[in-house]
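Student: Chain by chain, the residues run as shown.
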Amino acid sequence: MSDRSLVQIAFYAALIAALGLLPPIAIPFLGGVPITAQSLGVMLAGVMLGPVRGALAVLLLLFLVALGAPLLSGGRGGLAVFAGPSVGFLIGWPVGAFVAGLIMQKTANYNVLVSAAFAAAIGGIGVIYAFGIPGLVVMTDLTFAKAAMGSAIYLPGDLVKVAIAAIVAQTVARGLPHALMSRA
Amino acid sequence: MIALQIPGPSWAHALPAHVKLLFLAFSGALLFPVKDPLVLGASVIVVFGFYASLGANGLAQLRLLRPFAYMLVFIVGLHALSGTLQNGISIALRLTAMVLLANFVSVTTRMDDMLDAVRPMFVPLKWIGGSPQKPALAVTLVIRFAPVLLTIYRNLQEAFRARTGQKSSWRLIAPLALQALRMSEHVAEALTARGGTKGLSGER
Numbered sequence: 001m002s003d004r005s006l007v008q009i010a011f012y013a014a015l016i017a018a019l020g021l022l023p024p025i026a027i028p029f030l031g032g033v034p035i036t037a038q039s040l041g042v043m044l045a046g047v048m049l050g051p052v053r054g055a056l057a058v059l060l061l062l063f064l065v066a067l068g069a070p071l072l073s074g075g076r077g078g079l080a081v082f083a084g085p086s087v088g089f090l091i092g093w094p095v096g097a098f099v100a101g102l103i104m105q106k107t108a109n110y111n112v113l114v115s116a117a118f119a120a121a122i123g124g125i126g127v128i129y130a131f132g133i134p135g136l137v138v139m140t141d142l143t144f145a146k147a148a149m150g151s152a153i154y155l156p157g158d159l160v161k162v163a164i165a166a167i168v169a170q171t172v173a174r175g176l177p178h179a180l181m182s183r184a
Numbered sequence: 001m002i003a004l005q006i007p008g009p010s011w012a013h014a015l016p017a018h019v020k021l022l023f024l025a026f027s028g029a030l031l032f033p034v035k036d037p038l039v040l041g042a043s044v045i046v047v048f049g050f051y052a053s054l055g056a057n058g059l060a061q062l063r064l065l066r067p068f069a070y071m072l073v074f075i076v077g078l079h080a081l082s083g084t085l086q087n088g089i090s091i092a093l094r095l096t097a098m099v100l101l102a103n104f105v106s107v108t109t110r111m112d113d114m115l116d117a118v119r120p121m122f123v124p125l126k127w128i129g130g131s132p133q134k135p136a137l138a139v140t141l142v143i144r145f146a147p148v149l150l151t152i153y154r155n156l157q158e159a160f161r162a163r164t165g166q167k168s169s170w171r172l173i174a175p176l177a178l179q180a181l182r183m184s185e186h187v188a189e190a191l192t193a194r195g196g197t198k199g200l201s202g203e204r
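Line order of the protein sequences matches chains A and B. Residue numbers for the first sequence, in our numbering: 1 to 184. Residue numbers for the second sequence, in our numbering: 1 to 204.
Don't read these hints as lab results, they were simulated from the structure. Ideal Cβ positions, reconstructed from N, Cα and C, are used throughout, including at glycine. Check before you lean on any hint, since a few could be wrong.
Stated by the list, open to error - Stretch-level coverage of chain A by chain B, calculated; a stretch enters the list once three of its residues show a Cβ under 8 Å from a Cβ in chain B:
| # | segment |
| --- | --- |
| 1 | 126 to 132 |
| 2 | 138 to 147 |
What the hints assert, rightly or not - DEER-style ranges, computed between Cβ atoms:
| # | chain 1 | residue 1 | chain 2 | residue 2 | range |
| --- | --- | --- | --- | --- | --- |
| 3 | A | ALA108 | B | VAL46 | 16 to 22 Å |
| 4 | A | PRO177 | B | ALA136 | 29 to 35 Å |
| 5 | B | ALA60 | A | LEU159 | 37 to 43 Å |
| 6 | A | GLY175 | B | PHE23 | 49 to 55 Å |
| 7 | A | GLY175 | B | SER168 | 18 to 24 Å |
| 8 | B | VAL123 | A | GLY175 | 22 to 28 Å |
| 9 | B | SER168 | A | LEU159 | 19 to 25 Å |
| 10 | A | GLY175 | B | GLY41 | 55 to 61 Å |
| 11 | A | THR143 | B | LEU22 | 33 to 39 Å |
| 12 | A | PRO134 | B | ALA52 | 31 to 37 Å |
| 13 | B | THR151 | A | ASN111 | 32 to 38 Å |
Using the sequences and the accompanying hints, generate a full structural model.
Tutor: Spelled out as structure tokens, the structure:
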């Protein structure tokens, strides 16, 4: 692994952490559910770095969290988050970043904005929920429908994040093209 | 560095990190299949006892778990709606015990000790031509990058406020991405200029 890859992986891990430190925004027209920017970082890691490096960036962040750094949104951290009900979402993060990165690579012929939005939606929402909701079912013994209902309140916020991830990818593709490593 | 830890010393700080991690894994596996609310309630009390044994600092730590309490209320509420209230209470107790126990290990173990305890996990990297030191370097980089990113964001925000009078806008995202990425490129170049990670493959 080159120095540049290593630094980029660390950079996106830090970005996910920094986005989690931003105060959550309650969107009034979405029912006032507070959304944090953290999963935007997961989408960006996959979209910008490609599958392997994207997944490694997310794993690196989760590793720091497990070591005891309070880097998840709301200052959560330590081993407790891996024993809590939302552990499935955390397991889904690296997989989601991997899938998002893979889609970016496979759709390299398309417009960056379009394929980044597609990659972020499938990887950052589809895959993460596909792990998170069954995780909730296992940890809380709720029915699948109830667990899905409880998770659905975050869906509008996640769609906003998909749009932002696509805009950022487009901006970087124009302003700093070699930094879009998933396409390099 | 921001960290969760309670200052030591105490009996829990004195235990080696890998012992605590093994104990945590073992109790997790033991508690997971339990359904009896009495047993689960007793384990919650035992874990509370662990925190109490650390004195006032330990008990203060419990207050930090308020967001988790909201989640529990939500889960119990959903169970009550489906008519499985008793099951919901068992699950809330089990989650409380497991989360508090995991948190207890984290707050009584320094990050350095934790890193040392899991370092053997990275030895297999050597077999595929990697270096077991690289993850440690990456950890250091993340810890340094996170505050730098926030500083870049704050500077952009300040400039934006000076120009427009508004506090913040989504328009800052693009310059933030570009500035931060450029900064990370400089770090990568500086790392290479100083010999890079190639030199890490040897002994510590």
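Student: Evaluate each hint against the coordinates.
Tutor: Hints, one by one, checked against the model:
| no. | hint | result |
| --- | --- | --- |
| 1 | 126 to 132 | violated (count 0) |
| 2 | 138 to 147 | holds (count 6) |
| 3 | A:ALA108 - B:VAL46: 16 to 22 Å | 55 Å, violated |
| 4 | A:PRO177 - B:ALA136: 29 to 35 Å | 32 Å, holds |
| 5 | B:ALA60 - A:LEU159: 37 to 43 Å | 39 Å, holds |
| 6 | A:GLY175 - B:PHE23: 49 to 55 Å | 50 Å, holds |
| 7 | A:GLY175 - B:SER168: 18 to 24 Å | 21 Å, holds |
| 8 | B:VAL123 - A:GLY175: 22 to 28 Å | 41 Å, violated |
| 9 | B:SER168 - A:LEU159: 19 to 25 Å | 21 Å, holds |
| 10 | A:GLY175 - B:GLY41: 55 to 61 Å | 57 Å, holds |
| 11 | A:THR143 - B:LEU22: 33 to 39 Å | 35 Å, holds |
| 12 | A:PRO134 - B:ALA52: 31 to 37 Å | 36 Å, holds |
| 13 | B:THR151 - A:ASN111: 32 to 38 Å | 33 Å, holds |
In summary, the numbered hints that this structure violates are 1, 3, 8.
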